[in-house]
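Please build the complete structure, drawing on both the sequences and the hints.
One letter stands for each residue in the lines below.
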Amino acid sequence: MIAFDHISLSLGTFSLKDVSLTINRGDYYFIVGPSGAGKTVLLEAIAGLHRPERGRVLLRGEEITALPPEKRGIALVYQDYSLFPHMTVIDNVGYGLRMRGMGKREARGEVAGLLEEFGISHIADRYPATLSGGEQQRVALARAVAGKPDILLLDEPLSALDPVTQEKFIHDLQRLHRENGLTIVQVSHSRREAHLLATRMAVIIDGTLVDEGRADVVLNTPRSRQVASFVGIENILDGRVAANDGGHATVDVGGHAFEAVTDAAAGEEVTLCIRADDVVLGVGDGRRSSTRNTMAGMITQIVENGPVAEVKVNCGVDLTAVLTRRSGQDLHLAPGTPVTLSIKATAIHVIRG
Amino acid sequence: MVNGSPIVEGFIEAINLIITLNPQVVEITIRSLYISLTATFFAALIALPAGALIYFYEFRGKHAVVSTLQTLYALPTVIVGLLMFLLLSNIGPFGFLRLLYTPGGMIVTQTVLIIPLLMGLTVSALSGIDRDKRYTITALGASRFQTVTTIIMEARFAVMSGVLLGFGRAIAEVGTVMIVGGNIRGATRVLTTAIALNTSMANYSMSIALGIILLGVALGVNIALSLVQRR
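The listed protein sequences correspond, in order, to chains H and Y. Residues 41 to 393 (this note's numbering) are what the first sequence spells out, left to right. Residues 855 to 1085 (this note's numbering) are what the second sequence spells out, left to right.
Among these hints, one or two may not hold up.
Unchecked claim - Here are the simulated DSBU-like pairs of lysine-lysine, each with C-alpha atoms no more than 35 Å apart in a straight line:
no. : chain 1 : residue 1 : chain 2 : residue 2
1   : H       : K188      : H       : K111
2   : H       : K188      : Y       : K916
3   : H       : K208      : Y       : K916
4   : Y       : K987      : H       : K144
In case anyone wonders, no lab produced these hints; they're calculated from the structure.
See below:
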């Protein structure tokens, strides 16, 4: 639907470097990356707010590199909502329609249904300063979709909300994407949001797009160590392939052997990525099973986070497993407890080079 | 000791002058308001669009222009008065307009005095609209002209505060109107120059009466400013 073809642009000391990506109709596309990586600049470039120095922007196959923002059929919502403080909720929502020549009364009539849909009709005559963060966010979202954009751009829309409101808003976004078939591009720091919402995603670091593709693929099988670290893979281990028997490799990590599935040849440097959810923790000796990697170790730390607990284990190498707090209590886990960790060879993602 | 004090007596007499609407007090007050309001109107007419142009257009030396405007906030009024006197006097290029020692000349002078202040405050007011909001307006489908008008509307209360500050500076100012107006009774005498003259003549009651009115105007401007800023 919209594609960046080798786009480069500079803004002061910051620059986007040779970015190519494609966002298809109906995608819920996430742009993730650390602070200052260029996520918002990329989002603004999609909106047409920055003119690239090199490369082309294509919309439905036609070049729109020089097309001004107001003609792109794109709406943008910033994390601070950017509502107009001197306009009521209904006039904020109808703003885009009025800019397209609709009268104030007509625009109010047009957005009445939208206010109902977003559950904000009861605050239609209030001013933004009197609204909660969640209400302001809904108003900003309703205002953005009022003009029926082809693409909705969201810049960290959940970052200023409390956890309960975040949950509600995630449902709103899921509904908006599912029921309206809207193409949504969202900038985010949060892997959890990406897990819940994204169909495709791009990882941008220091102005360069370092990974792009289906969200589950990027999240679970990142292209590089840098991406693996950013998408929150808990166990990232550097090693060298000791042997490879038809794709079944043995990787030496600091003297400990891990079995994994990869085409990497013997002697090749690799990075192993293991999600903490894929590490099975047991007490006592490991039983015989199909699991290829079983190792004994000792708990060094337990970090409880809501209903789950992250358990750090030293097995010669440091590994992290995640389990429910209740499991931890049932197994009487504590720092110093001897445990056995099991990891299926197929659960290990191998990054070559 | 207090009874019979010229200051107390002056106060009592001043209140009396105000309550009885002394014709001289009324005439000076009306002239002051007329000159300063007219000057503020013309200054706003010039400075607001000029300030908006400076804010919305990128050009070489923009930063220097804004810095110069801010420096001119503190320009001594007697310097402006002297400059305007030279320009409007018979030896100056605009002497043929015969504006020296007239309310018209005082309006022009006060206009010149407060234009930099209004321009600078307009730029500041528009700068108060953050980048995200500007981009949001554009991304919501507003054309360049609509974006500019929306930003001005968003900043209108801050701009109005600037205009009120400009009026406050104009009406409270004494140096320029004394030099250019000449403090002529019945013609160019305004609140500030009348206070200066009456004080030098030991006519304290009149000075105090005019001072109370000037304070009242300043208070009115302040109240209006806080009301506007509360929006």
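>> Hint by hint, where does the structure go against what was stated? Just the numbers, ascending.
In response: The structure conflicts with hints 2, 3, although it agrees with all the remaining ones.
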